[in-house]
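Peer 1: For reference, the chains in residue letters:
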Amino acid sequence: MTRICFRYLALALVRWSGVLISLVLLVEFSFCVVGGSNRHVWGFDVYQSIPLELSVQPISWWELIAERSGATLLALAIAYGGALLFGYAWGILAGRFRRFRAASIFSLPFSLFSCVPGFWFVVLVAIHSYVVWKRPGFANELVVESGPNLLAWWNAAVVALPAMAVATAWQLRSVAGAIENEASRPFVKGLYLTGYSEDAIFYNNILQRALPGIVSLLDRTLPLVLGSFIFLEWAFHYDGVGSLLVESVRLGFYPGIVVSGMWMATLATAVTMGRQVVAKLLQPVQ
Amino acid sequence: MANRRTSKLEKWAVHALARLWEIRNVLFLAVPYFFLLSWLFLGSSSIDSRPAEIFSVPESPVWAEPDSIHWFGTTGSGVDLFQLTRLAMGTSVAVAVVCSFFGISTAMLVVALFAFDSSEHRFRPIFVFSRAGFLLPAMAVLVIFAGGSGGSLPFAMLGIIVVTGFYLAPMIANWFEEGGKGPEVLAGFGLGLSWQDMLVGRVLPKVLRRLVGMFAQLVPVIILLEMALSFMGFTGDRLGVGAMIAYGQQSIIEAPWLAVCPGILASVVVAALSLLGAMVSKVTRSGLLPRHF
Chain E
1 MTRICFRYLA LALVRWSGVL ISLVLLVEFS FCVVGGSNRH VWGFDVYQSI PLELSVQPIS
61 WWELIAERSG ATLLALAIAY GGALLFGYAW GILAGRFRRF RAASIFSLPF SLFSCVPGFW
121 FVVLVAIHSY VVWKRPGFAN ELVVESGPNL LAWWNAAVVA LPAMAVATAW QLRSVAGAIE
181 NEASRPFVKG LYLTGYSEDA IFYNNILQRA LPGIVSLLDR TLPLVLGSFI FLEWAFHYDG
241 VGSLLVESVR LGFYPGIVVS GMWMATLATA VTMGRQVVAK LLQPVQ
Chain G
1 MANRRTSKLE KWAVHALARL WEIRNVLFLA VPYFFLLSWL FLGSSSIDSR PAEIFSVPES
61 PVWAEPDSIH WFGTTGSGVD LFQLTRLAMG TSVAVAVVCS FFGISTAMLV VALFAFDSSE
121 HRFRPIFVFS RAGFLLPAMA VLVIFAGGSG GSLPFAMLGI IVVTGFYLAP MIANWFEEGG
181 KGPEVLAGFG LGLSWQDMLV GRVLPKVLRR LVGMFAQLVP VIILLEMALS FMGFTGDRLG
241 VGAMIAYGQQ SIIEAPWLAV CPGILASVVV AALSLLGAMV SKVTRSGLLP RHF
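From first to last, the protein sequence lines stand for chains E and G. If you read the first sequence in the numbering used here, its first letter stands for residue 1, the second for the next number, and so on. If you read the second sequence in the numbering used here, its first letter stands for residue 1, the second for the next number, and so on.
Bound-form chain E, shown alone (with noise of 0.2 Å):
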């Protein structure tokens, strides 16, 4: 277990340390070499203090990166962890009604969802927000300062759904598919013909043994998810990592846009090395 755990995370180093250098080299090369500006990602004289535009208060880099990441964070739990959730849920649901093409059936209002522009979902929550509710609508507009945030959830939650929908589908139609794949194969109908009950066949034998390739998408929705929030957390003035990058970008702030983009690469790391530990482990040995 423990040569598994270090096995994977040199690996995750080595793939880390890729998107590090090709991250550095995207920006050398958007700004200096396409952008014709004249400030080296490596020059000391663009790592100054954190610009105003990115905090009205004096903040360190650390606050400024706890506050962000605390705030997509509490976003990405409601969008992951419910794509994970109804995904997984449905997607097993939909492999053992597929013969009634339940895979379709289910994902068919995420996937509705999902044609949804997503930042014109989030603006249309605001504009809802100011019309009818007469209350403020971006998430940067009010400051709960007493008594529980409950607005931090809802203004997450806002952000967190149309990328949990575009998740959701993908995650639902992919799992349902790996089922039917292991559906489809000949023990299948050896164990119709044998007599098994239609219950024991799919859990007992096709969801066991489709479960490594199940347990392989877990991590597939994730660079989606933080790559939605971009322009989610943005189009809502969501204080997040995603709204960092973006504004670092129209700043041309290098170290915002290098911290912003190397957060995102470190949780997709984590992710994918965790997700190979547990594909690994729940192998059958040979």
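Take the hints with a grain of salt, since some may be wrong.
[Said to hold, decoys possible] Only part of the chain G face toward chain E is listed, based on derived beta-carbon distances under 7 Å:
#1 Leu136
#2 Ile144
#3 Phe145
#4 Met232
#5 Gly236
#6 Ala271
#7 Val283
[Claimed, not checked] Here are the in silico distance ranges between beta carbons for each label pair:
#8 Phe6/E x Phe35/G: 55 to 65 Å
#9 Pro255/E x Ser119/G: 40 to 50 Å
#10 Ser68/G x Ile59/E: 48 to 58 Å
#11 Val268/G x Leu20/E: 39 to 49 Å
#12 Leu85/E x Ile23/G: 24 to 34 Å
#13 Gly182/G x Gly81/E: 38 to 48 Å
#14 Lys206/G x Tyr196/E: 32 to 42 Å
#15 Leu113/G x Pro255/E: 48 to 58 Å
#16 Gly182/G x Trp61/E: 50 to 60 Å
[Said to hold, decoys possible] Which chain G residues stay away from chain E? Per the calculated CB distances, all over 10 Å, these:
#17 Trp71
#18 Thr106
#19 Ser119
Treat the hints as calculated values from the structure; they're not laboratory data. Note that this is a predicted model, so its numbers are computed, not measured. Glycine included, every Cβ here is placed at the ideal spot set by N, Cα and C.
Mind docking chain G on chain E? Use the hints.
Peer 2: Same frame as chain E, but now just chain G:
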């Protein structure tokens, strides 16, 4: 019954009918595509398409709420918002079609660099490189590239093409690997054919057929990407649904329809193209797109 020889014309007609029957699904799907794209592209092109000009609010704005004449209402300068949205959607669809085509071509080109290698692990570099690359969200790459390069539509398109190519290459490489394990390929090996012969004659036609489904699925995804970039202001001062919604936010109290209505048409067009894409994908058996966008 008399032994009658069929004329050339009759033979040709029967053959043509048989071919048409074979591609009936494609024809059935081509009709809605034709109508949808015609409707989008045949919109009025005489409208001023500079969003900064259109959405500037004069001292005495003449905007009208949505009614039976102006379905989506008008802007502060009196321009019909429905026609404007239709024009913007036409641009988005055109951008998406171009980006999808060149993105898939880039992916095919990358895969082709490795496909003719006869070793078993021919696509290993693509898979290794993509596993690390997938850790950074595609949207982050696009925002950095489009924003850093000055925020213009050509650079945004270039970014989308490169990112699309990068993310689709492993999927196409997988199709080549699947095709290389088919029974007809194994039989070809038994007959002494080389991998190159097999690739061109048996594997490539199957892959090319599936690319159509990939293209159809990719178009609505890229429309959403382009709209998001346009919303963030990374596609220059051009008319786009994203830019329209962003400009509409400035008059959120006085004229909320400026931000609300463009999104309705955008959602309908994206939903229609997604539905058609799913149907084309089902016919061509392309499978789900990788969810990295």
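Peer 1: Compare the structure with the hints numbered earlier in the document and write down the numbers of the violated ones, lowest to highest.
Peer 2: 5, 7, 12 and 15
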